[in-house]
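A.B. asks: Spelled out, the chains give:
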Amino acid sequence: MEAEFVYIGLAALFGLFMAWGIGANDVANAMATSVGSKALTIKQAILVAAVFEFLGAVLAGGEVTSTIRSGIVDAGLLVDTPELLVYGMLASLLAAGTWLAIASANGWPVSTTHSIVGAIVGFAAVGLGIEAVHWGQVGTIVISWVVSPLTAGFIAYLIYQSVLKLILHQDDPLEKAKRYVPVYIFFAALTITLVTILKGLTHVGLDLSLHNSYYLAIGIAAVIALIGAVAVRNIRPDKKAEKKQHFHTVERVFGILMIVTACGMAFAHGSNDVANAIGPVAAIISVAHTGAVASKSAVSIWVLVLGGGGIVIGLATYGWKVIATVGQKITQLTPSRGFAAELAAATTIVIASGTGLPISTTHTLVGAVLGVGLARGIEAIDLRVVGRIFVSWVVTIPAGALLAIVFFTILKAVLP
Amino acid sequence: MANMLANIFGSSPVVPLEKHMGIAFDCARQLRGFFAAVVAGNWDEAAAVRTQIVDLEREADKVKKEIRLHLSKSLFMPVPREDLLELLLVQDKIANRTKDVSGIVIGRKMVIPESIAELFLGFVDRNVAAAKQARKSVRELDELFTAGFRGNEVKLVTAMIEELDCIETETDDQQVALRAALFKIEADMNPIDVVFIYKVIDLTGEIADMAERVGRRLELLLSH
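Protein sequences appear in the order of chains A and B.
In terms of our numbering, the first sequence opens at residue 11 and continues consecutively.
In terms of our numbering, the second sequence opens at residue 133 and continues consecutively.
Simulated from the structure, these hints should not be mistaken for lab results.
Glycine residues also receive a C-beta, built at the ideal position from the N, C-alpha and C atoms.
Any given hint could be a false lead.
Listed below are the simulated SDA-like cross-link pairs for lysine to any residue, each with C-alpha atoms no more than 25 Å apart in a straight line [to be verified]:
hint	chain 1	residue 1	chain 2	residue 2
1	A	Lys-339	B	Lys-264
2	B	Lys-264	A	Ile-269
3	B	Lys-287	B	Gln-307
4	A	Lys-186	B	Val-286
5	A	Lys-48	B	Glu-275
6	A	Lys-188	A	Val-58
7	B	Lys-268	B	Pro-210
8	A	Lys-186	B	Lys-287
9	A	Lys-186	A	Ile-269
10	B	Lys-264	B	Asn-284
11	A	Lys-48	B	Phe-208
12	A	Lys-186	B	Arg-282
13	B	Lys-205	A	Gly-117
14	B	Lys-225	B	Gln-307
15	A	Lys-339	B	Pro-148
16	B	Lys-287	A	Pro-247
17	B	Lys-205	B	Ala-309
18	B	Lys-151	B	Arg-271
19	B	Lys-287	A	Tyr-190
20	B	Lys-241	B	Glu-318
Label-pair distances were calculated between CB atoms; the ranges are [to be verified]:
hint	chain 1	residue 1	chain 2	residue 2	range
21	B	Leu-217	A	Phe-400	24 to 32 Å
22	A	Asn-244	B	Ala-309	55 to 63 Å
23	A	Leu-412	B	Leu-201	36 to 44 Å
24	A	Ala-111	B	Arg-348	38 to 46 Å
25	B	Lys-264	A	Pro-247	45 to 53 Å
26	B	Asp-215	A	Phe-400	22 to 30 Å
27	A	Gly-117	B	Leu-201	18 to 26 Å
Derived list of chain B stretches under chain A, where covered just means 3 residues or more per stretch with a C-beta under 8 Å from a C-beta of chain A [unchecked claim]:
hint	stretch
28	200-213
29	292-299
30	306-317
31	332-339
Kindly produce the complete structure, drawing on both the sequences and the hints.
C.D. replies: Have a look at this one:
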């Protein structure tokens, strides 16, 4: 079957391009907070992003990829015409990619996740018929788009309130920071490792019992917290930049914590966003291999590696520039605020990844930042921009859908 | 797309407000040299200082306009925008009063009578000290934002404002003494000159008043 190779080749190409785009643009939102707060240098940020985006994609990206691959379109209706699914998924990749390019060129804040889901729903509803869409699943996804920023905002609010109470309002914030920051590190590391172990490791062949999973996660988190505690102990007040309350040094203590949450954020981003690029690819491959659609097998590792690799290439070729630019603009998010936002967002995203929900990492992070703002942590938030983000949220879905329908019609006419 | 996150941060008014207060104090501080030159009858020196005062006042105005321009209504901040604008306004008045008072003195080539000169220079000195204490308090703004306007940092700033109030009370007492001293000798002086010396005393005293109002505005921020 020659067509099979054409399909897989095209899919891999488009998927790689999408992954490249995610690495080039999207990663910046996950990493720029850490660069802006000076917790990481740009080089360190790129290293962290490359390693943890890749790990996130490969270890924990499977669930969301499954959802994009087979959760939205009812493949049961396509038993006789599996090639329609191939056209549709190719069209969706093209549509999302095109829409993202248009939006980037105009500076519109749009989400990769929203465009790809909009595109898939669009081609399925129009190209295959309304009944071909798993509306229940789509409804869950759309609700998760509302819930995830709210959840992240709520968690960020609580975390930042605790920082105020335990550290910043105290008589000796520096001593308190040194005491509590390792605890925050422990919980940050615990959340990320626990979700990864519970949800991710099975498909790399490591199957632990529930108890052992918890023990392992607690062990890893404890080791990371210990390393953090040592690093924190070594921070001495810098006399020159200092006033009575030592807030400058306090922020440096939080900087250590932010290195951990930056890793978590990169991991979370990789785990959720890789699916936007390779979910459709996985769908096409399973059709091309088996000639049928329905197979519920796990996403093969090499597809995840392709996606993770694409993200890293995007990061290396272009993304680092964007990280630097965006980082310069986010100086208001000092480590004591930035970690709260990152930890809240990363936790929300990793849990969504574990349950297979494709959410927008950037919107979740924006929600978390607003949560810190509501706790009076941010000097100035521009509500007009928040409004614009909301509008683009609503517009992106029909735009992605429309483009997908156009590409689907073209591909159906052109491809064998 | 990538700048979505960066753009939700509006330009923070905190550092510019501190900068503005710094310029306003720099302006007020010139009054020491200015009046020293006036008392010594060195009008060239006084004119040179006056030029500096005018420049600094203008710079303060420029920063004030910039802050207002960027402090748009769509900003969500931990403290009300109006309170920050009010703070900016009283800070600016410190520079304005400095310019006004130096303008009158230079315009009329006013001579401060020798018998009250020492009292007067001491009075100027404490008014400048009040402006300095106001600057010290405003410089804590960034720390206040960091601390979320609660806890120990608030105690620190409250203590600074109390100190500011003490200085202002001191200038009030000095002003009373100065007026009394002037009253004793006013019969022997040109009435118009006397009226203007009273005016100069009032305007100079307003520098400490404005500094105190900076403290009041800061207190309002603390109560949020």
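A.B. asks: Confirm or reject each hint.
C.D. replies: Here's how the hints hold up against the structure:
1. A:Lys-339 with B:Lys-264: Roughly 32 Å between the alpha carbons, so the hint for Lys-339 (chain A) and Lys-264 (chain B) is violated.
2. B:Lys-264 with A:Ile-269: Outside the cut-off at roughly 40 Å; violated.
3. B:Lys-287 with B:Gln-307: The hint is violated at about 30 Å.
4. A:Lys-186 with B:Val-286: Roughly 18 Å between the alpha carbons, so the hint for Lys-186 (chain A) and Val-286 (chain B) holds.
5. A:Lys-48 with B:Glu-275: 18 Å, holds
6. A:Lys-188 with A:Val-58: Distance ~24 Å between Lys-188 (chain A) and Val-58 (chain A) Cα, so the pair holds.
7. B:Lys-268 with B:Pro-210: 21 Å, holds
8. A:Lys-186 with B:Lys-287: Holds, at roughly 18 Å.
9. A:Lys-186 with A:Ile-269: 19 Å, holds
10. B:Lys-264 with B:Asn-284: 22 Å, holds
11. A:Lys-48 with B:Phe-208: Satisfied, since the Cα-Cα distance of roughly 24 Å is no more than 25 Å.
12. A:Lys-186 with B:Arg-282: 16 Å, holds
13. B:Lys-205 with A:Gly-117: Holds: Lys-205 (chain B) and Gly-117 (chain A) sit about 23 Å apart, inside 25 Å.
14. B:Lys-225 with B:Gln-307: Since the Cα atoms of Lys-225 (chain B) and Gln-307 (chain B) sit roughly 19 Å apart, the hinted pair holds (cutoff 25 Å).
15. A:Lys-339 with B:Pro-148: Holds: Lys-339 (chain A) and Pro-148 (chain B) sit about 16 Å apart, inside 25 Å.
16. B:Lys-287 with A:Pro-247: Holds, at about 22 Å.
17. B:Lys-205 with B:Ala-309: 46 Å, violated
18. B:Lys-151 with B:Arg-271: OK: Lys-151 (chain B) and Arg-271 (chain B) at ~9 Å, within 25 Å.
19. B:Lys-287 with A:Tyr-190: 23 Å, holds
20. B:Lys-241 with B:Glu-318: 18 Å, holds
21. B:Leu-217 with A:Phe-400: 24 to 32 Å: For Phe-400 (chain A) against Leu-217 (chain B), whose Cβ atoms are near 28 Å apart, the range 24 to 32 Å holds.
22. A:Asn-244 with B:Ala-309: 55 to 63 Å: With Cβ atoms ~57 Å apart, the hint holds.
23. A:Leu-412 with B:Leu-201: 36 to 44 Å: At roughly 40 Å between Cβ atoms, Leu-201 (chain B) and Leu-412 (chain A) fall inside 36 to 44 Å, so the hint holds.
24. A:Ala-111 with B:Arg-348: 38 to 46 Å: At roughly 54 Å between Cβ atoms, Arg-348 (chain B) and Ala-111 (chain A) fall outside 38 to 46 Å, so the hint is violated.
25. B:Lys-264 with A:Pro-247: 45 to 53 Å: Taking Cβ atoms as reference, Lys-264 (chain B) and Pro-247 (chain A) lie about 26 Å apart, which means the hint is violated.
26. B:Asp-215 with A:Phe-400: 22 to 30 Å: 28 Å, holds
27. A:Gly-117 with B:Leu-201: 18 to 26 Å: 22 Å, holds
28. 200-213: That given contact holds, which follows from 6 residues of the stretch 200-213 of chain B lying within Cβ reach (below 8 Å) of chain A.
29. 292-299: violated (count 0)
30. 306-317: violated (count 0)
31. 332-339: violated (count 0)
Consistency note: the structure conflicts with the earlier hints numbered 1, 2, 3, 17, 24, 25, 29, 30, 31.
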